[in-house]
Amino acid sequence: MNLFHFISDFFNDSAHWQGYDGIPTRVGEHIQYTLQALGIAALIALPVGLVTGHYGRGGNALAFIAVAGRALPTFGLLVLMTLLVGFGMVNVMTPLVILAVPPILVTTYEAMRSVDPSPVDAARGMGMGELGVLFQVEVPAALPLILSGLRSAAIQIVSTATIAAYVALGGLGRYIVDGLYQRNYEKVVGGATLVAGLALVTLGVFWAAGRFAVSPGVRRRA
Amino acid sequence: MNWDRFFDIPSDLQHSWLGLVGLHLREALLPVLAGLLISLPLAQLCVRFRWLYPPVLWVTTVLYAIPSLAFFVLLIDYTGQTELTVMIPLTVYSLVVLVPAIVDGVRSVPQETLAAATAMGFGPVRRYVQVQLPIAVPAIVAGLRVATVSSISLVSVGALIGNQGALGNMINDANIYNRPELALNAVLSMAVLAILADALLVAVRVLLTPWMPRRSRPTTKADRPEPAAAALEDAAR
Chain A
87 MNLFHFISDF
97 FNDSAHWQGY
107 DGIPTRVGEH
117 IQYTLQALGI
127 AALIALPVGL
137 VTGHYGRGGN
147 ALAFIAVAGR
157 ALPTFGLLVL
167 MTLLVGFGMV
177 NVMTPLVILA
187 VPPILVTTYE
197 AMRSVDPSPV
207 DAARGMGMGE
217 LGVLFQVEVP
227 AALPLILSGL
237 RSAAIQIVST
247 ATIAAYVALG
257 GLGRYIVDGL
267 YQRNYEKVVG
277 GATLVAGLAL
287 VTLGVFWAAG
297 RFAVSPGVRR
307 RA
Chain X
504 MNWDRFFDIP
514 SDLQHSWLGL
524 VGLHLREALL
534 PVLAGLLISL
544 PLAQLCVRFR
554 WLYPPVLWVT
564 TVLYAIPSLA
574 FFVLLIDYTG
584 QTELTVMIPL
594 TVYSLVVLVP
604 AIVDGVRSVP
614 QETLAAATAM
624 GFGPVRRYVQ
634 VQLPIAVPAI
644 VAGLRVATVS
654 SISLVSVGAL
664 IGNQGALGNM
674 INDANIYNRP
684 ELALNAVLSM
694 AVLAILADAL
704 LVAVRVLLTP
714 WMPRRSRPTT
724 KADRPEPAAA
734 ALEDAAR
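Chains A and X are the protein sequences, given in the same order. Just so you know, we're using the working numbering here: the first sequence kicks off at 87 and counts up by one. Just so you know, we're using the working numbering here: the second sequence kicks off at 504 and counts up by one.
Keep in mind the hints are simulated off the structure, nothing from the lab. Check the hints yourself; a few may be wrong.
Among chain X residues calculated to face chain A with C-beta under 10 Å, some are [what the hints assert, rightly or not]: (1) 649; (2) 652; (3) 671.
Some chain X residues close to chain A (C-beta under 8 Å, calculated; not the full set) [claimed, not checked]: (4) 565; (5) 659; (6) 663; (7) 681; (8) 683.
Stretches of chain X that chain A covers, calculated by requiring three or more beta carbons in the stretch to come under 8 Å of a beta carbon on chain A [stated by the list, open to error]: (9) 567-578; (10) 696-710.
Each residue gets a CB set at the ideal place from its N, CA and C atoms; glycine is no exception.
Go ahead and model the full structure; you've got the sequences and the hints to work with.
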């Protein structure tokens, strides 16, 4: 039996398509975890990145936060939180948010720094206020890079949300963790395929968002 | 939390704490080394033949989108529950960071510098090794830092596929035996290892590039990391 047999067996079994352990339920849970974690991380990291990038201060502090955030193993944090706090959504969201904040923060800062200074000066010279400069000049020009930071954060969350299953929550990790315990390899491979597929869909969503939101003039240079 | 048993490692891990640290470093660093050895020629090909770079970037980005746990279990069928199963995906992930870093670094070498080297009689190979690579060192080390730190924290996920996670196995045991101090030990050990490895790479960069300013951060636009490199500042998954 090779990989492709496992995959086709998993997806052809109608039992996998219904009930609380069905593919639609699990995919829904996985998307829910991802959106929640990405939303919280963006709410924290985007304003900080925009403001520090706008004023060009605090780059070293951000670089330190990024290394520190990257050095903390998500899986370890998850188990530690669970042992200390007990089971629940908080102990899954905390490691996922810690995972997602550094890429958004650093990329947003770098994106703001890499905006061409001459249009910014021109906007100031025409009497635009700081908020106007930030949202009408700098953010549109920095948008492709800001989106790429959000994209890598989103992909990491999609990949890592699988470990929620390790602490008895749902999501696509359920198939992988349960399959490994039940020695049901077909289930493991099916779950892994679904996660990889969802990660690729995320890539596609961000590509489409980039086409839709980034102004054509900026896109050509990027 | 029982602090007296912070270093009391359960016997089923079959290693002392130091043994786990050694195992962890081997499982995390060998893939980065392998990634570097593969990406150096690959990046050189991408610089030489420009049309090759977009497809290579595409393939690596798509491979990067495969979650580590999924990658591990897909490989079990071929390599079994061994260290190799953990090390192959880590090698692939480090390629994703290193190839763009090296390509950007080598491409950023000024045209005049290359012309000067050619005029001094350097052939293509000697010019690459003695001129382009040294100038690209800061970019390459920046890529290595990202790859190394994320590799160190990713090894722990190997615990989920049957005790192949080195220090990560301690996290698993913390859960089984309900001993939070073991999980804390694992998290702190990995964080310290990652920060030490990061500092070591910075030191290597300083040693290899004696011409760069030591203290102040580069301030001119040209010296800042390329946007593409910044975008790949990915954390561990």
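Handout entry: Per-residue hint verdict: residue 565 of chain X, partner chain A, C-beta under 8 Å
Key = 7 Å, holds
Practice task
Go check the region 567-578 of chain X versus chain A for me, would you? Three or more residues, Cβ under 8 Å, otherwise it fails.
Solution key: Contact hint for the region 567-578 of chain X vs chain A: holds, 10 residues under 8 Å.
Practice task
Would you settle whether the hint for residue 652 of chain X is holds or violated, based on the nearest Cβ-Cβ distance to chain A being less than 10 Å?
Solution key: 5 Å, holds
Handout entry: Hint check: 8 Å Cβ-Cβ cutoff, residue 663 of chain X to chain A
Key = 7 Å, holds
Exercise for the section: Check, residue by residue, whether the region 696-710 of chain X contains three or more positions whose beta-carbon lies closer than 8 Å to a beta-carbon of chain A, and give the verdict. Expected result: holds (count 3)
Handout entry: Status of the residue 671 of chain X interface restraint (C-beta, 10 Å, chain A)
Key = 6 Å, holds
Problem - chain A contact restraint on residue 649 of chain X - CB to CB distance below 10 Å - result: Holds - the Cβ of residue 649 of chain X comes within 10 Å of chain A, reaching about 8 Å at its closest.
Handout entry: Restraint check, 8 Å cut-off on beta carbons, for residue 659 of chain X near chain A
Key = 5 Å, holds
Practice task
Report holds or violated for the interface hint on residue 681 of chain X, using the least CB-CB distance to chain A and a cut-off of 8 Å.
Solution key: 7 Å, holds
Exercise for the section: Classify the hint on residue 683 of chain X as holds or violated, based on whether any CB of chain A lies nearer than 8 Å to its CB. Expected result: 4 Å, holds
Figure legend: structure checked against the earlier numbered hints; every hint is met.
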